[in-house]
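*Asks:* Listed below, chain by chain, are the residues.
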Amino acid sequence: MWSFSNIANSIHEWLSNNFNPTWTIIIEMVIAGVAVISLFALLGLVLVIMERKVSAWMQIRLGPNRVGPKGMFQSLADTLKLLVKEGLTPGGADKFLFNLAPFIAMIVAMLLMAPIAFAKDFQLWDLNIGVLFVSAVSSIMVISILMAGWASNNKYSLMGAMRSGAQIVSYELSAGLSILAVVVMTGSLQVSEIIESQRNGWWIFKGHLPMLIAFVTFIIAVTAETNRAPFDLAEAESELTAGFHTEYSGMKFALFFLAEYVNVFIVCAIGATLFLGGWMPFHIGKWEGFNHVMDYIPSSIWFFGKTFFLIFLIMWFRWTFPRLRIDQLLNLEWKYLLPISMINLLIVTAMAILGWHF
Amino acid sequence: MEGFGEVLKMYRKTEIINDSKAPPAEGFGEADMIINVGPQHPATHGVLHLVITLNGETIKNVEPHLGYIHRSIEKMCESLSYRQFIYVTSRMDYLSAHINNHACALCVEQGLQVEIPPRAQVIRVLMDELTRIASHELWLGAMAMDLGAFTPFFHAFRERESINDIMEETCGARLTMNYMVPGGVMHDLHPSFQQRVKDFMQLYKSKVHEYDEMLTGNIIFQNRMKNVGVLSAEDAISYGCTGPTARGSGVSCDVRKLYPYEIYNTLEFDEVLETGGDSFSRYMVRVREMQQSIRIIEQLIDNIPEGDFQTKTKAVLKLPKGEFYSRVETARGELGVYIVSEGATTPYRIKFRSPGFSNLSVLNHIAKGSKLGDLVAMMGTLDLVIPDIDR
Amino acid sequence: MFIKKYIQEIWGAVKSLLKGMRRTGYYFTHHKEIITQQYPDNRETLNLPERFKGEVVMPHDENNEHRCTGCQACELACPNGTIKVIFKNELNAEGKKKKAIDKLVYHLELCTMCNLCIEACPSDAIKMAQTFEHSVFDRNELTKILNNPGSKIMDGVE
Amino acid sequence: MTNEELKIKLAEILPTATIEEAAEIGPGWITVNVEPIEWLAFAQQLRKEEALHFNFLFCLTCIDWKTHLTMVYHLRSTIFHHNIVVKAKLDRDKPAIETVSHIWRTAEFHEREVYEMFGVDFLNHPDLRLLILPDGWEGKNPMRKDFEDPVNMIRL
Chain A
1 MWSFSNIANS
11 IHEWLSNNFN
21 PTWTIIIEMV
31 IAGVAVISLF
41 ALLGLVLVIM
51 ERKVSAWMQI
61 RLGPNRVGPK
71 GMFQSLADTL
81 KLLVKEGLTP
91 GGADKFLFNL
101 APFIAMIVAM
111 LLMAPIAFAK
121 DFQLWDLNIG
131 VLFVSAVSSI
141 MVISILMAGW
151 ASNNKYSLMG
161 AMRSGAQIVS
171 YELSAGLSIL
181 AVVVMTGSLQ
191 VSEIIESQRN
201 GWWIFKGHLP
211 MLIAFVTFII
221 AVTAETNRAP
231 FDLAEAESEL
241 TAGFHTEYSG
251 MKFALFFLAE
261 YVNVFIVCAI
271 GATLFLGGWM
281 PFHIGKWEGF
291 NHVMDYIPSS
301 IWFFGKTFFL
311 IFLIMWFRWT
321 FPRLRIDQLL
331 NLEWKYLLPI
341 SMINLLIVTA
351 MAILGWHF
Chain B
359 MEGFGEVLKM
369 YRKTEIINDS
379 KAPPAEGFGE
389 ADMIINVGPQ
399 HPATHGVLHL
409 VITLNGETIK
419 NVEPHLGYIH
429 RSIEKMCESL
439 SYRQFIYVTS
449 RMDYLSAHIN
459 NHACALCVEQ
469 GLQVEIPPRA
479 QVIRVLMDEL
489 TRIASHELWL
499 GAMAMDLGAF
509 TPFFHAFRER
519 ESINDIMEET
529 CGARLTMNYM
539 VPGGVMHDLH
549 PSFQQRVKDF
559 MQLYKSKVHE
569 YDEMLTGNII
579 FQNRMKNVGV
589 LSAEDAISYG
599 CTGPTARGSG
609 VSCDVRKLYP
619 YEIYNTLEFD
629 EVLETGGDSF
639 SRYMVRVREM
649 QQSIRIIEQL
659 IDNIPEGDFQ
669 TKTKAVLKLP
679 KGEFYSRVET
689 ARGELGVYIV
699 SEGATTPYRI
709 KFRSPGFSNL
719 SVLNHIAKGS
729 KLGDLVAMMG
739 TLDLVIPDID
749 R
Chain C
750 MFIKKYIQEI
760 WGAVKSLLKG
770 MRRTGYYFTH
780 HKEIITQQYP
790 DNRETLNLPE
800 RFKGEVVMPH
810 DENNEHRCTG
820 CQACELACPN
830 GTIKVIFKNE
840 LNAEGKKKKA
850 IDKLVYHLEL
860 CTMCNLCIEA
870 CPSDAIKMAQ
880 TFEHSVFDRN
890 ELTKILNNPG
900 SKIMDGVE
Chain D
908 MTNEELKIKL
918 AEILPTATIE
928 EAAEIGPGWI
938 TVNVEPIEWL
948 AFAQQLRKEE
958 ALHFNFLFCL
968 TCIDWKTHLT
978 MVYHLRSTIF
988 HHNIVVKAKL
998 DRDKPAIETV
1008 SHIWRTAEFH
1018 EREVYEMFGV
1028 DFLNHPDLRL
1038 LILPDGWEGK
1048 NPMRKDFEDP
1058 VNMIRL
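If you read the sequences in order, they're chains A, B, C and D.
Counting along the first sequence from 1, when you hit position 226 you're at 226 in my numbering, and nothing is skipped either side.
Add 358 to a position in the second sequence, counting from 1, and you land on the number used in my numbering.
Add 749 to a position in the third sequence, counting from 1, and you land on the number used in my numbering.
Add 907 to a position in the fourth sequence, counting from 1, and you land on the number used in my numbering.
These are calculated hints, taken from the structure and not from any lab test.
Misleading hints may appear alongside valid ones.
[As the list claims (entries may be wrong)] Derived contacts from chain B toward chain D, CB cut-off under 8 Å, selection only: (1) Phe508; (2) Ser596; (3) Arg711.
Keep in mind the model is a prediction, meaning the values are calculated, not measured.
Note that beta-carbon positions come from the ideal geometry of N, C-alpha and C, so glycine has one too.
Start from the sequences and build out the full structure, keeping to the hints where you can.
*Replies:* What follows is the structure in structure tokens.
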């Protein structure tokens, strides 16, 4: 079976044979870095065109269809446009913070790539606290938004940043609690072990209703955490023009834009890993033939398929629902999601102890 | 939100941008700030400029600054003849341009004492109601977009476009039709008019439940609209609100019912009244009003009398000395046209009592104490069309 | 009791949201419902109704003759001063001097397509064309002369 | 209430006013001419009197007659649905009249508009500032007859 691990191993062997260990590690890091950056760019391009097409079809429009076949290269053209645009820094802005903010957003998004298993045995860094790492690092995202809002010297930006702060801090809780539900079931924080525990079935199926509730809570919470509609109060176009990135233009704006999409990808990848079995193929109990066919589909396709399904779900939300108000947003978290996910976690814990799952 | 206030206080010390010469609103506190919504802002749908005093997210005062699209149509009309000035009024409330023209034509006819042929009356009413539906469709989409739901905007445009196609075929233009002339209408109906209106009604009926699914029944939408911007009936009257804004508060003010013009007294339709007075009531009034308009069209579309579509009037119109006032129900409320004539070929003074101007004045009253996000819902349900306000 | 209400509330909310998602999902999968058009591509098939008010034109017949008598009714009817009639003196068949139009200047940039000039014209000399792509690089190009060079008034039009 | 009764009632309230019936304005609308000084008291009575109950000021404007200005108030009752027109003659050089914005709140905006367009001073108006004209507008009031716009598109 064709697998990424073979490629990675052969590269590693070739490097070890030709260079001393220090150089090997440096070169491998450079390769990984380049791979992540190119994945980044690719994801940006793919997700932007996907969002535009999804929104267009839901809005009974044709969507972009001029650049390339069926408009597939539209986002390349957009990128070109943004690249040649002037990156304006407003006069009263705090220049250092203003210019730093989009890069922090990018760095956070890149860091989050580390523990994600893209395919079988294809992972940058399988650290033993992978899930914890993800939820910890993703909180840094709010810093960049706050920074951008503050440094812009614009009241709209500031309000957007403040909203985003309140929002991310509160939704982090229920996202964390629903992640914990999986961790409790698995007994490990390591991403590879979580995936391995789903060899005989994905958690969303194995865990009965509580896991389904955890999954739904997770999706809602991460939608809020990535500032996507209906929780896009940080940008809230009709209220705050563009919220925290009102003053950004050109490539700096593009970085925020890209970071948003990459964040969406990452949270969906986490969701797919935790609840939908990561790269694990879909198996049904004792149907050996069916399971065998499923195994033939490469693991990377399984992973990306699940992730993109979740991304589509989040886009579906965005293009269907109106935006919440700030107090309703916090009500939803503190009155509904948090109590539900807490009780849910208790039930999951009881289930895990009593072994009430497949 | 204690910390929020603190941060804002710090921020406020750095710079206050306030282009208003207004004295700070009463009780302008340390932690308050002033933001300018507009003249370029996605939610104002035009060049409305609101100076908002905010405490955190809570609105303390809203002060509209008008005039960004003031063309002084009233002054312009003083130099235009009675045939010419009608087209200018299309540019006031451009979403119900047809009804604006209707008001002017009525006023001139009142002065000339001409009888309108029955066919022309029916055509006018049909066009009015189509315009009303088109206007409400656009409002529905734009308001949903203000609240963050982008998709209904395009769905609402689908229906609106089919009305625009009908208009284009019969009147020759999609938005500013200038179809009314003193004495009737400019052209006869297009031969395929009836069929296309029937097609449109079929389309409308097959799609109308979608808005209930996507907006009316949606829990987020309801939460955003209910108990937001509550306007009591007394305030609605005192502030001079008309149209769906006032009817949402239970004030009966439909000109078509109270002071019927053309053939409205022979038609069967209900004046839509809601008693809530909040944004959701105003929303429901407009949604239900569209159905009443469909009902009116259904009654008329198969019963268009034969005959002239225009009474022959003189080439140069002269109104007798005196004052004339006519009012119609536009999609936004009561539009009054007040002509003072000196017996010349041009009006001596024209006053347009535009519904938007009075409806806007209530904004500060209902917005006080609500959140910034609510302001958008309120502006949406007041259905402000800025050229109508500025004139 | 409280718990029951709480759950009912959540269930109702989720149901209403799912209804909306079903609607957008329907449109996502039904591409036949798409209403937008590919405008510059469908120029050939684009059908504008004959009453569409695009710009004022003066039809000429095959002998380069128009129907305009130069009565200035359109000029008077226009609310914006869009139309300007410029006269010249012309000798007719009997050698008498006769007033005729030299140029009918039409300012497209001022025109609001209100159709009042067409209504006012007693000899049906001008009409509305269905063109609508009026954008030009130079504003002066919008000032048009409606009668063809060397055109004459048709016989029998007074 | 019929027009006759209305006329009698109005004459009771304000004997000094001249009341005329102008058929062409609307179906039997009554025009009441009042002195500017009497206007405020008259307005209060129009609003308060049970039988009249003019609670809806639907149009407020001004006409420049070159020799004088006329304030025109269109009132109606949302209960009885009767309409009247109240007119008050103002001096052209120093026009001033009492505000009615505390009786009908809609007058606040309409009076601001008349203030900037005609230069009518509304006494005791809570917030008499420019509404439509840009801040710092100097020069004549645009809607007066002797105002010449320096830029006139049509006569270009």
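*Asks:* Which hint numbers does the structure go against, in order from smallest to largest?
*Replies:* Hint 1 is the one this structure does not satisfy, whereas the remaining hints hold.
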